[in-house]
Amino acid sequence: MEHRHINTKDREWGVAVVHSIWERGSEDDIRDLIREVKKNAKAADAVRRAISHSEVYGWPTFFKLYLDKIYGRE
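Numbering (this note's numbering), first residue to last: 1008 to 1081.
Don't read these hints as lab results, they were simulated from the structure. Please read these numbers as outputs of a predicted model, since none were measured by experiment. Cβ atoms here follow ideal geometry from the backbone N, Cα and C, with glycine treated the same way. A couple of the hints might just be wrong.
[What the hints assert, rightly or not] Taking lysine-lysine and the DSS-like style, the derived pairs with C-alpha atoms no more than 30 angstroms apart in a straight line are:
| hint | residue 1 | residue 2 |
| --- | --- | --- |
| 1 | K1049 | K1076 |
| 2 | K1071 | K1045 |
| 3 | K1045 | K1076 |
| 4 | K1076 | K1046 |
[As the list claims (entries may be wrong)] Just the calculated beta-carbon pair ranges, DEER-fashion:
| hint | residue 1 | residue 2 | range |
| --- | --- | --- | --- |
| 5 | L1072 | K1046 | 14 to 22 angstroms |
| 6 | G1079 | R1031 | 26 to 34 angstroms |
| 7 | D1039 | K1076 | 13 to 21 angstroms |
| 8 | G1079 | S1033 | 28 to 36 angstroms |
| 9 | K1071 | K1046 | 17 to 25 angstroms |
| 10 | K1049 | K1076 | 13 to 21 angstroms |
| 11 | L1072 | E1034 | 12 to 20 angstroms |
| 12 | E1019 | K1045 | 16 to 24 angstroms |
Required output: the full structure, derived from the provided sequences and hints.
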């Protein structure tokens, strides 16, 4: 999904990108984010920072458990 107001092509990850994917992303976007946080520490950090500020149901909890599993608890 191309975000009209967020540029992710340069791999600059931030909380706004993560929130946008959780709120408006497709299933493909979520799968891409899952793959990205596994290999990209900046994306994983952005997801960790987004978790406590998100009001989206489900995805923050999923990603917290996923990050704890692959990187250990913080």
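Status of each hint after checking the structure:
{"no.": "1", "hint": "K1049 / K1076", "result": "17 angstroms, holds"}
{"no.": "2", "hint": "K1071 / K1045", "result": "12 angstroms, holds"}
{"no.": "3", "hint": "K1045 / K1076", "result": "10 angstroms, holds"}
{"no.": "4", "hint": "K1076 / K1046", "result": "14 angstroms, holds"}
{"no.": "5", "hint": "L1072 / K1046: 14 to 22 angstroms", "result": "18 angstroms, holds"}
{"no.": "6", "hint": "G1079 / R1031: 26 to 34 angstroms", "result": "30 angstroms, holds"}
{"no.": "7", "hint": "D1039 / K1076: 13 to 21 angstroms", "result": "18 angstroms, holds"}
{"no.": "8", "hint": "G1079 / S1033: 28 to 36 angstroms", "result": "30 angstroms, holds"}
{"no.": "9", "hint": "K1071 / K1046: 17 to 25 angstroms", "result": "18 angstroms, holds"}
{"no.": "10", "hint": "K1049 / K1076: 13 to 21 angstroms", "result": "19 angstroms, holds"}
{"no.": "11", "hint": "L1072 / E1034: 12 to 20 angstroms", "result": "18 angstroms, holds"}
{"no.": "12", "hint": "E1019 / K1045: 16 to 24 angstroms", "result": "18 angstroms, holds"}
Hint violations for this structure: none, all hints satisfied.
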